[in-house]
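Residue numbers (our numbering), protein chains in the order written: chain A, 227 to 693; chain B, 2 to 419.
If you're looking for bench data, these hints aren't it; they were derived computationally from the structure. Errors might be hidden in some of the hints.
The calculated SDA-like cross-link candidates involving lysine to any residue, where the alpha carbons are at most 25 angstroms apart (straight line), are [to be verified]:
| hint | chain 1 | residue 1 | chain 2 | residue 2 |
| --- | --- | --- | --- | --- |
| 1 | B | K21 | B | T392 |
| 2 | A | K618 | A | L357 |
| 3 | A | K582 | A | A513 |
| 4 | B | K172 | A | G439 |
| 5 | A | K618 | B | K384 |
| 6 | A | K626 | B | K282 |
| 7 | B | K412 | A | A513 |
Note that the structure is a prediction, hence the values are computed from the model and not measured.
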Amino acid sequence: MDFTSYRRTVRKAIAEEPLSELYPHDVSMYRESPKSEISILEFEQIALDRLKLLRIIEQAAPKGNRLYSDQWKTCIKDDLAKAGLKKYVRLMGGTSGTSDLDYQARKADYLSHFILRLAYCRSEQLRRWFLSRELEWFWIRFTAQSREGVKNFLRLYKFSYTPISEEEKVSLRHELEASTAGLILFEETEFFKVPFTEVCSLVRGRKVFLKAGFAYIPSSELVVCIQSKFRAELSEELTWYSHRIHLFDDERIGPLLSNFHNLHTGQNYRVRENHESVDPADLDAYAKKHFPLCMKHMHEVLRSEHHHKHQGRLTYGLFLKAIGLLYEDALKFWRDEFTKKMDLNQFEKGYVYNIKHMYGLVGKRASYSPYSCVKIITSSVGPGEHHGCPFKHWDVNLVKQKVIECGVSVDGANEIKQLVSDGHYQLACGKYFEYTHGKALGNGINHPNQYFEESMNIEKGASGNKK
Amino acid sequence: MSASLYNEDSLPDLLPIYYKRLFPHTALHKWLCYGDPNVSNRREISFTLVGDIYLRYQSFENAEDFAQALHKRFPVKIDIGAIYKQRLESSGSYSSSKTPVEREIVFDIDMTDYDDVRTCCTGAGVCPKCWKFMVIACKILDGALREDFGFENILWVFSGRRGIHCWVADKKARILDDNQRSAIAEYLTLLRGGLVVRKVKFFNMHAATERALKVIDEYFEKSILVEQDILGTYERLDAFLGNIDEGFSPLFRDAMTKVQTSVERWKAFVNTFQTLQREQKIPKHYRYMVEEMKFYYAYPRLDINVTKSLNHLLKAPFCIHPKSGKVSVPFKPKFIEHFDPDAVPTVSQLLDEINTYDAKTKAQEKDLAENSQTSVKIKDYKKTSLLKYVTIFCEFLRGLQASAARNRAIKNGTVMEY
Ligand code: SF4
Ligand SMILES: [Zn+2]
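Make a model of the complete structure from these sequences and hints.
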């Protein structure tokens, strides 16, 4: 691609190297920028394909599949096939085949990765999104590799990981067996000794054995190290690109890339633009009947404690805004509660701006959208805060107790509890909906406001039928 | 010893003398810049002055500069921050433009975090009974830091009142980023907070968990069961059972209420558990219930936020705790069992000691002078009980020097790394 030419002082017309050398493996570290020329049309096409790929990956977990589970992988594979992205399905196979189709798939993967770097280096938020998706995509392909495939990868990218000797392994048998999470067959597992700093995620949860600053990881976790190397390299690269983006943009690709992230948004829940406003007097009743557990909890806390911390105000406030609470009503609503614990002056000084901001009346005047389940589930909840997803952030027994209080049967509650234990928070929420409404949802829950609307629809449907 | 009583109001009068005559500023400064003159003006030091005036982002050109600032301002508290990439200007520049690059890994364990399990004291109080919590914490952490992470240069400090601090100063520890620090902090944290029933949960017996268990077992019966008497009242028993799933707790309650003392009740708990386990009534993920309970009561409770980030401030050793008047002194983890926080000298006591010493030597000097010998000037801290703590600190510095020399040798290839 043309865009790296400024790095080279002399542009030589080189014959392209053979594909087998340029793209030897299904999994790539993307270390060298590609030098091929492609048409602008092709450029656009492969870029959009990759965006679709990343969107599909993004949406697999909110559909109720635990991240990195087999189910999650299958979901991605199916969705890719449905979207006609056969080349990416091929790369998930773990075969590193040598047919022409394989090379074409790898080439498209390689080039499109670099194009998206240009689109996603532009802001911290975009970089973060891109990095997470690319890491997941990396993980999918790496873990599909056979022992042989991993070996080749390590050799190609000059990683010097070698398994510990049989002798050392035997001498540490007790420690390794006791300390390695999810270990099944000790005899058949190879262990690698790596600096603990490379596998922080495993260290955090005491998932591996540590000795003198080294972590002993089973080969199945090697992906964690390599992934963290990949993360470090890519994140540095993205910063590098972001400082030089003006050198890449030209009139042909600039317009495409600068608004790229919004081109294809997939099937995400979209909050409806204009709907009826809600009467603040109805909020208590709505909370009982139509709010998902997260918002119901926030409502109850606000009524009993007359306060929410910053994240809570934002999460709940935006939710209310999106169900149709008008600015004036919102202001009164928050004021009435907050002033039970503070004087009016304090409220005016400390919180009014905040509410105006939520409604886009001050500051950047942006129209903020309410938080999705994924956002709520992945947020961290500190002491004294209440904004998380109950299914994720509460103890399961507490969830069970709470849903029973809300009218779910004990069997239903156990079913929900099981889903929570398996990490399917949004499915649990969907089940909760099912048990409290007597109607199953087709697609699970991915947004609190979707929950609300579905719930309202059922009620409207019911009253409509009566007429 | 004329133990003159410490009085908080006299602190502003005592501090100038303390900093002039006793505070080991040269040694402290040496530590803070690791013998590298280019580090001194990049290391953040902050002062809290009398009247709660807070000066952040101080830095000093060299040891004399540091000493002068102490003599001029005699801070009530000195906090140590990170080493920054660029030079710190001492007066009010914005923190956003500063990038911390190096910093010891620090731990802060405070007795108040044990308030839901300790029964002898509350709040700021501390006695030999609850000090055992610190003993256990120190032994477990020190062991894990050395064996699991391979750190060697670790300084333990009594905070001056009711807690302990730990500084890991190995070069390889100092350069870790926030993510790696938080990984260590979380590795060492086993108690979860919030709305959870089981505060400690094990799915397997990790080697580090096993090692910690050994330490806990040394103390559990005497310090936790007998001295803290954690099961001695119905209220405490309820709290104990609250950590067990509703499904099982009645079974344990029955057995445990039949007997009276904590030791008996604990035994009843363990026996019931073992019986249930033999009858295969304990699901797999509860098989470490006994260990989980021990850890709940005795495993170190860390203030994890202190450890997680590179630029968190922590009080420097040898500061005076304003409430207790005690010096925040280093101690050796090996001997923590014999460390008695009550015996740590207060600033008033130290100043008394100097005076007594001087009075005594004056008399001797007179004798000596009569025998026409020259007198040797002795550093003031050597005249007091601060001496042994400064010695511990200097030993820590020597360890650092030795490590640095070894690292240099490895770098230059004069030593084979193995
Ligand atoms: S799944 Fe979504 S809607 Fe349901 S409780 Fe959690 S965050 Fe709220
Ligand atoms: Zn006590």
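Unsatisfied constraints (hint numbers, rising): Violated: hints 5 and 7.
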